[in-house]
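Knowing the structure of chain F, use the given hints to seat chain V on it.
In order, the protein sequences belong to chains F and V.
Note that the working numbering has the first sequence beginning at 5, numbered continuously upward.
Note that the working numbering has the second sequence beginning at 59, numbered continuously upward.
Honestly, I wouldn't trust all of these hints.
Looking from chain V toward chain F, a few residues come up when the C-beta cut is under 8 Å (computed) [to be verified]:
hint : residue
1    : Val111
2    : Gly116
3    : Thr119
4    : Gly121
5    : Tyr125
6    : Phe144
7    : Pro146
8    : Gly147
9    : Arg148
10   : Ser189
11   : Ala200
Example chain V residues on the side facing chain F (calculated, C-beta under 7 Å, incomplete) [what the hints assert, rightly or not]:
hint : residue
12   : Thr114
13   : Thr117
14   : Gly228
Derived from the structure by calculation, the hints contain no laboratory data.
The C-beta atom is built at its ideal place from N, Cα and C for all residues, glycine as well.
So the chains spell out like this:
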Amino acid sequence: MTRLVRAELLKLRTTRTTAGIFALTVATTALIMTAVMLIAGRPGQPAIESGILPDLVAVAKGPLVIFALILGVLGMSGEFRFGTATPTFLVTPNRGRVVAAKLVANALAGAALAAASAAVALGIGLPWLLVKGVDITIVDAEVASRLLGLVATSALHAVLGVGLAALVRNQVVAIAAGLLWMRVEGLIPDALQRPGLGRWLPEGAASALTDSGAVTLPMWAGGLLFAAYGLALALIGTRLVVRRDLT
Amino acid sequence: MSAINVHRLSKRFGDVLAVDDLGFEVEEGTVVGFLGPNGAGKTTTLRMLLGLVAPTAGTATFGGRAYRELPAPTRVVGAVLEASGFHPGRTARNHLRVLATAAGLADGLVDEVLGQVGLADAAGRRVGGFSLGMRQRLGLAAALLGDPEVLLLDEPANGLDPEGIHWLRGLVRRQADEGRTVLVSSHLLAEVAQTVDQVVIIARGRLVAQSTLADLTAGAAAAVRVRTPQAEALRDRLAAGGAAVRLDGPEGLVVTGATTEQVGRAAAAAGIVLHEMRFERSNLEEVFLELTNHGGDRS
Numbered sequence: 005m006t007r008l009v010r011a012e013l014l015k016l017r018t019t020r021t022t023a024g025i026f027a028l029t030v031a032t033t034a035l036i037m038t039a040v041m042l043i044a045g046r047p048g049q050p051a052i053e054s055g056i057l058p059d060l061v062a063v064a065k066g067p068l069v070i071f072a073l074i075l076g077v078l079g080m081s082g083e084f085r086f087g088t089a090t091p092t093f094l095v096t097p098n099r100g101r102v103v104a105a106k107l108v109a110n111a112l113a114g115a116a117l118a119a120a121s122a123a124v125a126l127g128i129g130l131p132w133l134l135v136k137g138v139d140i141t142i143v144d145a146e147v148a149s150r151l152l153g154l155v156a157t158s159a160l161h162a163v164l165g166v167g168l169a170a171l172v173r174n175q176v177v178a179i180a181a182g183l184l185w186m187r188v189e190g191l192i193p194d195a196l197q198r199p200g201l202g203r204w205l206p207e208g209a210a211s212a213l214t215d216s217g218a219v220t221l222p223m224w225a226g227g228l229l230f231a232a233y234g235l236a237l238a239l240i241g242t243r244l245v246v247r248r249d250l251t
Numbered sequence: 059m060s061a062i063n064v065h066r067l068s069k070r071f072g073d074v075l076a077v078d079d080l081g082f083e084v085e086e087g088t089v090v091g092f093l094g095p096n097g098a099g100k101t102t103t104l105r106m107l108l109g110l111v112a113p114t115a116g117t118a119t120f121g122g123r124a125y126r127e128l129p130a131p132t133r134v135v136g137a138v139l140e141a142s143g144f145h146p147g148r149t150a151r152n153h154l155r156v157l158a159t160a161a162g163l164a165d166g167l168v169d170e171v172l173g174q175v176g177l178a179d180a181a182g183r184r185v186g187g188f189s190l191g192m193r194q195r196l197g198l199a200a201a202l203l204g205d206p207e208v209l210l211l212d213e214p215a216n217g218l219d220p221e222g223i224h225w226l227r228g229l230v231r232r233q234a235d236e237g238r239t240v241l242v243s244s245h246l247l248a249e250v251a252q253t254v255d256q257v258v259i260i261a262r263g264r265l266v267a268q269s270t271l272a273d274l275t276a277g278a279a280a281a282v283r284v285r286t287p288q289a290e291a292l293r294d295r296l297a298a299g300g301a302a303v304r305l306d307g308p309e310g311l312v313v314t315g316a317t318t319e320q321v322g323r324a325a326a327a328a329g330i331v332l333h334e335m336r337f338e339r340s341n342l343e344e345v346f347l348e349l350t351n352h353g354g355d356r357s
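Next up, chain F with everything else stripped away, as it sits in the complex (with noise of 0.2 Å):
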């Protein structure tokens, strides 16, 4: 298994599609850190004070999952559409197999992908904070958690991709279908009357490792559920369609 997962991560690393998203997420994150320092300290915005931190790891979690899930579902229909399928398929008859190191190879990628955005965002905010005169410590629990959120809710964010890209083998049909389901999921909750229901949806249950609040459910319990989303997604995937005739 280990064999395949770093066959994938090659695979990741060797085509300009992968830094491509990288070089996105860097810049959109850089972006959004220069809007926010514009605006900041106005009246109805965040305080220029030190418990603003948190936040600023976190500044650019839209874009960032939305980049991570693309990534998955490259990662997965591009075996379908550039026919990379029939010589993957042929050293590792196994497709199982093959989804499942998609789904670690590409949970790491997504992890790293946070962990880019949180390293532009730390970067240019400290420097700023430090010229504000903020008195800043790095080494605190609340950063912490909201780093970790954030490396997890993009490496899942991943593995959905890769799941629904199992299950949906184009691509346009894959990442419309997931920025659709992104928009229209806050939706749900009050069209069926049921605003608990949220929290159990999987983008309400991966809002929990970034956001906490009370209408979501514990970070550990989110991020399972997100996870259990992704993964089931995967599963049907394999046994529907990536098992299919390779013609």
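Below, chain V alone, put in the same frame as chain F:
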């Protein structure tokens, strides 16, 4: 034990029966041409052998084991399928490194096989810029990575220029000389006639012939064309020996059922002068057409 065994294999795609109760064996160490017109079911059969397509019925095995059950498939079977299967943005070397890593093979083998297929200079280039011929070579390099005992080549000459085809023949021959088993598909008999020991011919998903090339030619009543001023004398002499002979113009003879050696000996024994003698190869192609046009009929 035969290297490849296809037994009562069938595949149905919706209403189309692509492979229909097909059976043949390939002996270890032989080079076998897998022939049939386009759409005869060659690719589907190869993909079933490789576990990429699930048979509707029957089995396809290597030394008695299905591809999916082989513990290290790349070391047993190397396959070249159609010339896609490459990420256009990945370099040739990285494409092979990915496969070598997944198969647990040494990275050093990558440059070795790239050299073997003549792609050493293009190793660092992205596959998106490769010609069809270069992609075929890269596909071959991938197949050779695990130093397999069996090679399955699906239309490997597609996209190769004449020099490339010549090179491919040499490569297949070398693989065979080293004791490997090769099954090479083609829709052109002439393309593989120089390379193969045997042929398996299919049409409309069914087996129409499995034989050596020699038998196939003999079965086709291959002709020897002779030009001689003593045409009638030679005709009588050959006919007495059992060959079928007909006059073709005042000085021409068409002999079937005899080799050029036999015709030459008969002429020498009777002191007959020959101006020209040639073996007609086109008949092989005719046999192929004949077999594939009618052999698969289900009437």
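Verification of the supplied hints:
For Val111(V), the interface hint holds, since its Cβ comes within 8 Å of a Cβ in chain F; the closest pair sits about 4 Å apart. A distance limit of 8 Å between C-beta atoms decides the matter here; for Gly116(V) the minimum to chain F is near 15 Å, and the interface restraint is violated. A cut of 8 Å between beta carbons decides the hint on Thr119(V): the least distance to chain F is about 13 Å, and the hint is violated. A hinted interface residue such as Gly121(V) counts as satisfied when its beta carbon comes closer than 8 Å to some beta carbon of chain F; here the least separation is about 16 Å, so the hint is violated.
With a least beta-carbon distance of about 6 Å to chain F, the hint placing Tyr125(V) at the interface is held under the 8 Å criterion. Among the interface hints, the one on Phe144(V) holds; its C-beta lies about 7 Å from the nearest C-beta in chain F, closer than the 8 Å criterion. Proximity of Pro146(V) to chain F holds as hinted, the smallest CB-CB distance being about 7 Å (cut-off 8 Å). A distance limit of 8 Å between C-beta atoms decides the matter here; for Gly147(V) the minimum to chain F is near 5 Å, and the interface restraint holds.
For Arg148(V), the shortest C-beta to C-beta distance to chain F is roughly 5 Å, which falls under 8 Å, so the interface hint holds. Hint on Ser189(V) is violated. Least Cβ distance to chain F is approximately 17 Å, over the 8 Å limit. Because the beta carbon of Ala200(V) sits about 6 Å from the nearest beta carbon in chain F, less than 8 Å, this interface hint is met. A distance limit of 7 Å between C-beta atoms decides the matter here; for Thr114(V) the minimum to chain F is near 10 Å, and the interface restraint is violated.
Nearest Cβ of chain F to the Cβ of Thr117(V): about 15 Å, over the 7 Å cut. The hint is violated. Taking 7 Å as the C-beta contact cut-off toward chain F, the hint placing Gly228(V) at the interface is violated, the least distance being around 24 Å.
Of the numbered hints given earlier, the model fails hints 2, 3, 4, 10, 12, 13 and 14; all others are met.
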